[in-house]
Amino acid sequence: MRVPLWRIAHARSGDKADRADIGLFAWDAPTYAVLKREVTPERVAAHFRELCQGPVELWPLDNLLALKIVLNRALQGGAARSLRMEIEAPADLPRLRAS
Amino acid sequence: MKSVRVGAGLGFYGDSWRPVRASIERGGVRYIASDHLSELTLAILQKDRQKDPAAGYARDGLPMLAELWPLAAKHGVKFILNAGGLNPQGAREAIARTFRDKGWKATIATVSGDSVLERLDELRAAGEPLAHMDTGAGLDTVRSRLLFANAYLGAQPIVRALEQGADIVLTGRVADAALSLAPLVHELGWRWDDWDKLALGLTVGHLLECSGQGSGGNFGSAAEWADIPDYAHLGYPIAEVSEDGKALFTKAPGTGGRISFDTLRQQLLYEVHNPHAYFSPDVVLDMGTLQFDDQGGDRVRVTGASGAARPAKLKIVGGYHDGWMGAGIIGFSWPQAYAKCEKAAETIKTLVAERGWPVEETNVEYIGYNSLLGAQADPTYRDQLNECFLRMTIRTQDRKVADAYGRLFPWLGLSGPPYVGSLKGVQSAKELLGIWPALAQRELVEAKVEIAVEKV
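Those protein sequences? They're chains A and B, same order as listed. The opening position of the first sequence corresponds to residue 628 in my numbering, with each subsequent residue numbered one higher. The opening position of the second sequence corresponds to residue 1223 in my numbering, with each subsequent residue numbered one higher.
Be aware that one or more of the hints could be misleading.
As the list claims (entries may be wrong) - Below 27 Å or equal to it, Euclidean Cα-Cα: the simulated DSSO-like pairs (lysine-lysine) are:
1) Lys1535(B) to Lys643(A)
2) Lys1296(B) to Lys643(A)
3) Lys643(A) to Lys1269(B)
4) Lys1324(B) to Lys1296(B)
5) Lys1537(B) to Lys643(A)
6) Lys1224(B) to Lys1468(B)
Hints in this document: simulated from the structure, not taken from any laboratory.
Using the sequences and the accompanying hints, generate a full structural model.
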């Protein structure tokens, strides 16, 4: 079964310098186990390949039922020098599909 | 056991202080910790100061205090705010003037010494290269273009101000969380090497520093965001912290928003890099041992913070001029809204090329399609959009070109693809800023930190 993350998780994204960051949260423990297994740095990097020029880092936090994901070199050098209206592309992570 | 309640003030320059009233009136807070400085707000304040040497502080500190101080004084509530920006003394003078006019009494302290723009040579002579923390690039590549450079100070100077009886502490750049950590250390008597308690204090500061984002605002979720009660009266988060290093998060009764495991953990990880080493000037927090106990009714207990010794170096962030942005915008309706935008973009590009303008970079985005999602936008419905706005931006070193760019767009209204509307007005040049994070020995910075306390 394939399901988009937005149906089974919640998320908040932010930015610091040239780094975009995402907190991805399971609503319950069984779903967290799925996230931990399916959402790998490789899959996140593939999903954001147009956006993220650097490595993807990922930390699972069992106490928070959460994954902390950081996309390096993802913001054209940083929000304040960017020509984009908004730098919110990490909001798209929930469209990634877990199977 | 001794405990103290700290409430969130603003979360950014321009945020609303209206929800703070409820926290003071019926939230039981003793302190309001108010964050007025985003990473690059100091660039705005630097321009204010260049126009007027008495300016350079966040201008929303004074009206916030002018509205809330009578209530705060009645309830014995103190304010800690970084609205001093680049000129804490100037902020104090403006506030003192208003307080005298109104006949209010308060002890107002300033914390200054965080600006290192005038001390860069001194810091480098002392052995700090001040290279870019992430890229390693040398400072000389941006030095002449720096608008500001400030160290993130910790909670210690704020605590010293509170020890001297301050009711209002005005700081420049300090770590956002230090605004909350300081009153906890002051009231609860924590030692500066009690790392686990300081780590809990850092957790509290981090959960309060973004105002409504800690209590149900911006709650990223598929459907649950719609169930957050009463956005119009959303209450800012409040933390009750006891001396043994435990916190209870809540908000004022009768306010909107939500305090829950879900809303708090979203904020906990917000703009955090390695969650096992969240740095602040006072302690390094490991978020991996925190325990959240959601008791329902907008009450969540947070315990189990683990701290490690504070870092030897303080973070400095500078902002430098990085060219000018020109921008234009125009909107088209169904049918073929997206195709009309594309044609307009192509036309603008031709006009720019024919003028030979020195453009370094052009950005084309389609509001309603990819202005938020960028390359992640799903093209499935792109050609069926009811309406779409084209927004184009350029980077140039020539301010006049950036100004002229926006003026290309209105012409399209009568001479381009069939259109329905544009956002009103022509956009003028906007300065682009690069950000310069670096590190410096704590002692070099802290040697110049000053606290001044004045009774009004």
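Hint check:
1. Lys1535(B) to Lys643(A): Between Lys1535(B) and Lys643(A) the Cα gap is close to 19 Å, so the pair holds against 27 Å.
2. Lys1296(B) to Lys643(A): violated, 39 Å
3. Lys643(A) to Lys1269(B): holds, 23 Å
4. Lys1324(B) to Lys1296(B): The hint holds at about 15 Å.
5. Lys1537(B) to Lys643(A): holds, 13 Å
6. Lys1224(B) to Lys1468(B): Holds, at roughly 11 Å.
Going through the hint list in order, the structure does not satisfy hint 2, though it satisfies all others.
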